[in-house]
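Enquirer: What follows is each chain in one-letter form.
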Amino acid sequence: MTQKLDAYFGEFGGMFVPELLVPALEQLEQEFIAAQNDPAFKEEFESLLKEYAGRPTPLTLTRNFSPNPLAKIYLKREDLLHGGAHKTNQVLGQALLTKRMGKSRVIAETGAGQHGVATALACALLGLKCRIYMGAKDCERQQPNVFRMKLMGAEVIPVDAGSGTLKDAVNEALRDWSATYEDSHYLLGTAAGPHPFPTLVREFQKMIGIEAKEQIVQAEGKLPDYVVACVGGGSNAIGMFADFIDEKDVKLVGVEPGGHGLSTLKHGATICKGTKGILHGAVTYIMQDDDGQIEESYSVSAGLDYPAVGPQHAYLHATGRAQYVAATDEQALDAFQTLCRCEGIIPALESSHALAHALEIAKAATEETVIVVNLSGRGDKDLAHVHRVLEQGGHYE
Amino acid sequence: MSNRYNQMFTKLKEQKQGAFVPFVTIGDPNLATSLDIIKGLIDGGADALELGIPYSDPIADGPTIQKANIRALEAKVTPKDCFELIKQVREYNADIPIGLLLYSNLIFAKGLDSFYGLCADVGIDSVLVADVPARESAPFKQMAEKHEIDAIFIAPPNGSEKSLKQIAEKGSGYTYLLSRAGVTGTETVANMPIETVIAALNTYNAPPALLGFGISQPEHVKAAIESGAAGAISGSAVVKLIEKNLDNPAAMVAQITEFVRVMKAATQTD
Numbered sequence: 000m001t002q003k004l005d006a007y008f009g010e011f012g013g014m015f016v017p018e019l020l021v022p023a024l025e026q027l028e029q030e031f032i033a034a035q036n037d038p039a040f041k042e043e044f045e046s047l048l049k050e051y052a053g054r055p056t057p058l059t060l061t062r063n064f065s066p067n068p069l070a071k072i073y074l075k076r077e078d079l080l081h082g083g084a085h086k087t088n089q090v091l092g093q094a095l096l097t098k099r100m101g102k103s104r105v106i107a108e109t110g111a112g113q114h115g116v117a118t119a120l121a122c123a124l125l126g127l128k129c130r131i132y133m134g135a136k137d138c139e140r141q142q143p144n145v146f147r148m149k150l151m152g153a154e155v156i157p158v159d160a161g162s163g164t165l166k167d168a169v170n171e172a173l174r175d176w177s178a179t180y181e182d183s184h185y186l187l188g189t190a191a192g193p194h195p196f197p198t199l200v201r202e203f204q205k206m207i208g209i210e211a212k213e214q215i216v217q218a219e220g221k222l223p224d225y226v227v228a229c230v231g232g233g234s235n236a237i238g239m240f241a242d243f244i245d246e247k248d249v250k251l252v253g254v255e256p257g258g259h260g261l262s263t264l265k266h267g268a269t270i271c272k273g274t275k276g277i278l279h280g281a282v283t284y285i286m287q288d289d290d291g292q293i294e295e296s297y298s299v300s301a302g303l304d305y306p307a308v309g310p311q312h313a314y315l316h317a318t319g320r321a322q323y324v325a326a327t328d329e330q331a332l333d334a335f336q337t338l339c340r341c342e343g344i345i346p347a348l349e350s351s352h353a354l355a356h357a358l359e360i361a362k363a364a365t366e367e368t369v370i371v372v373n374l375s376g377r378g379d380k381d382l383a384h385v386h387r388v389l390e391q392g393g394h395y396e
Numbered sequence: 000m001s002n003r004y005n006q007m008f009t010k011l012k013e014q015k016q017g018a019f020v021p022f023v024t025i026g027d028p029n030l031a032t033s034l035d036i037i038k039g040l041i042d043g044g045a046d047a048l049e050l051g052i053p054y055s056d057p058i059a060d061g062p063t064i065q066k067a068n069i070r071a072l073e074a075k076v077t078p079k080d081c082f083e084l085i086k087q088v089r090e091y092n093a094d095i096p097i098g099l100l101l102y103s104n105l106i107f108a109k110g111l112d113s114f115y116g117l118c119a120d121v122g123i124d125s126v127l128v129a130d131v132p133a134r135e136s137a138p139f140k141q142m143a144e145k146h147e148i149d150a151i152f153i154a155p156p157n158g159s160e161k162s163l164k165q166i167a168e169k170g171s172g173y174t175y176l177l178s179r180a181g182v183t184g185t186e187t188v189a190n191m192p193i194e195t196v197i198a199a200l201n202t203y204n205a206p207p208a209l210l211g212f213g214i215s216q217p218e219h220v221k222a223a224i225e226s227g228a229a230g231a232i233s234g235s236a237v238v239k240l241i242e243k244n245l246d247n248p249a250a251m252v253a254q255i256t257e258f259v260r261v262m263k264a265a266t267q268t269d
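From first to last, the protein sequence lines stand for chains A and B.
Mapping to numbering that gives the first Met the number 0: the first sequence position 249 is 248, numbers consecutive.
Mapping to numbering that gives the first Met the number 0: the second sequence position 164 is 163, numbers consecutive.
Be aware that a few hints might be false.
Pair ranges (Cβ atoms, derived) [to be verified]:
{"no.": "1", "chain 1": "B", "residue 1": "31", "chain 2": "A", "residue 2": "99", "range": "49 to 57 Å"}
{"no.": "2", "chain 1": "B", "residue 1": "144", "chain 2": "A", "residue 2": "37", "range": "39 to 47 Å"}
{"no.": "3", "chain 1": "A", "residue 1": "392", "chain 2": "B", "residue 2": "42", "range": "57 to 65 Å"}
No lab work stands behind these hints: they were computed from the structure.
Bear in mind that the values here come from a model prediction, so they are computed numbers and not experimental data.
We put the CB at the ideal spot given by N, CA and C, even for glycine.
Work out the full structure, taking the sequences as your base and the hints as a guide.
Expert: Structural data, given as structure tokens:
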């Protein structure tokens, strides 16, 4: 081993996994470093992003969404990416790494099903065997995505253990991997988990922010005042933030799932309300009781329903470089409907949390303010679920 | 460090025996029965005990031990209860080495210093943290040493020469040798031979190796010792006897005691 990446972001991160998985993670780290220095790898990745996935994605200035004429709200349109969300970006990168390592099988966890769909499509494209672990409750909430994965040849395993959501799917994927690492790659879906995943996923997602920066400077002649993204595990947010971190005048805001409200127990706002701990391989903010037992998170959106968060977000919070807030289910559902009506765009429920907070920033603006929101995915997958929730909650206007 | 592991290995060597070490999750299926079970393990002839503290997300465990964790958590067993129970076990037997096997967040939540301090207070000899590999072990090992607790490391079958050397140097008490990849459970049997890993561990003067994962039959114990391990650890096979007898605690304890007796008998080498 020659070169190594830092496994920590300040006090957050690390590689807290069984000894058995260390060689597999260290192999991944080495292969990732080699690939980053290999022009052929970069060329193949970029060509897939462009010709298969449809990059670059546009930056759209909303016409009617902003409630305040002083505030301009731009959307980074990851919803238009093939697969329907930003997930496709990094999955293509990791699938190429899988091939590079000579592995033939991919395992992955999925919450909303977006990462599962992205993994399934990349595996179909690149001829890899694919098994997706998905919480049983999430399979129920996200039926269309289960069907999509199966159509593209993936095997979908519902996980009943624990809360039957993303956290349990991660546990099960890790268990699978500890028996199969010789021929299998664990294609983790977010910028969380053990080193090197938080770094690797960020690097394979950071084109979102790089493009958005160019596009906003083109449109406005300057950097934005705010960059806003939703945070579950945190991959779309870190992809969006990465290229803005050194631009100190740009406020970075991560929006966590506030569920029924931060004063209740039903939320998934790990940075806003969680405490430091170790889950899924990293020291980060997690939802836990006083003994260290992991508590179940809750969100109307399956993709944000996760009781931990990527360690770099924990670090950006601890250092004050980024601000983390929460939007409740109700606020997200309102923003979801507002974007549909105002712009003719159906956003993912996850991204609707970011939209909800962008509306708050816009309302409060007393001078010209430019806000860029990462519209991380489209809402087709959520239609049945939102329909049901709205009928029950009487939010139809 | 306590001297209990050394004394155990010395005594077993004289008697030409390997060690048999059963594992159970503390509080499975509830605290009262769990204490009876653990006394049963001792009565059956266990040379040392490996005990788990129930945790919500046991990623290194297969279905059997996952269920044990769930049963104990459903019985509202807390880490505090576990320490109380271990104190009682220590009162029951002053000499048997007691090892804890648990996940890092339970230690982190308590604070490393207080956690290892508590271990020392109740007479625990060693701590193995399932999700802390050698490369992350420094703060854990430091507190273990401060409180004279042996830090146990896992030697994986895929370990490089370099990582086995590291494990040998860092560990004390015993070395937890994995018989195979994967998670705990009898679904996949132990994959012997493990002679090459043992040879490497011996080269670097690692503490004696106990073989674990997939050990459910007396033949597995015998084979482990013949391959050069100092003994064997069996968890899921014991826990299955709990699962099978949930409605009959007396039969549960009797069957577990008998299981330990049979497994222990297989440790005699001549």
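Enquirer: If a hint holds in the structure, say so; if it doesn't, say that too.
Expert: Structure-based check of each hint:
1. At roughly 55 Å, the beta-carbon separation of residue 31 of chain B and residue 99 of chain A lies within the given 49 to 57 Å, and the hint holds.
2. At roughly 44 Å, the beta carbons of residue 144 of chain B and residue 37 of chain A sit within the given window of 39 to 47 Å.
3. In this structure the supplied range 57 to 65 Å holds for residue 392 of chain A paired with residue 42 of chain B, their Cβ-Cβ distance being about 59 Å.
In the structure shown, no violation is registered for any of the earlier numbered hints.
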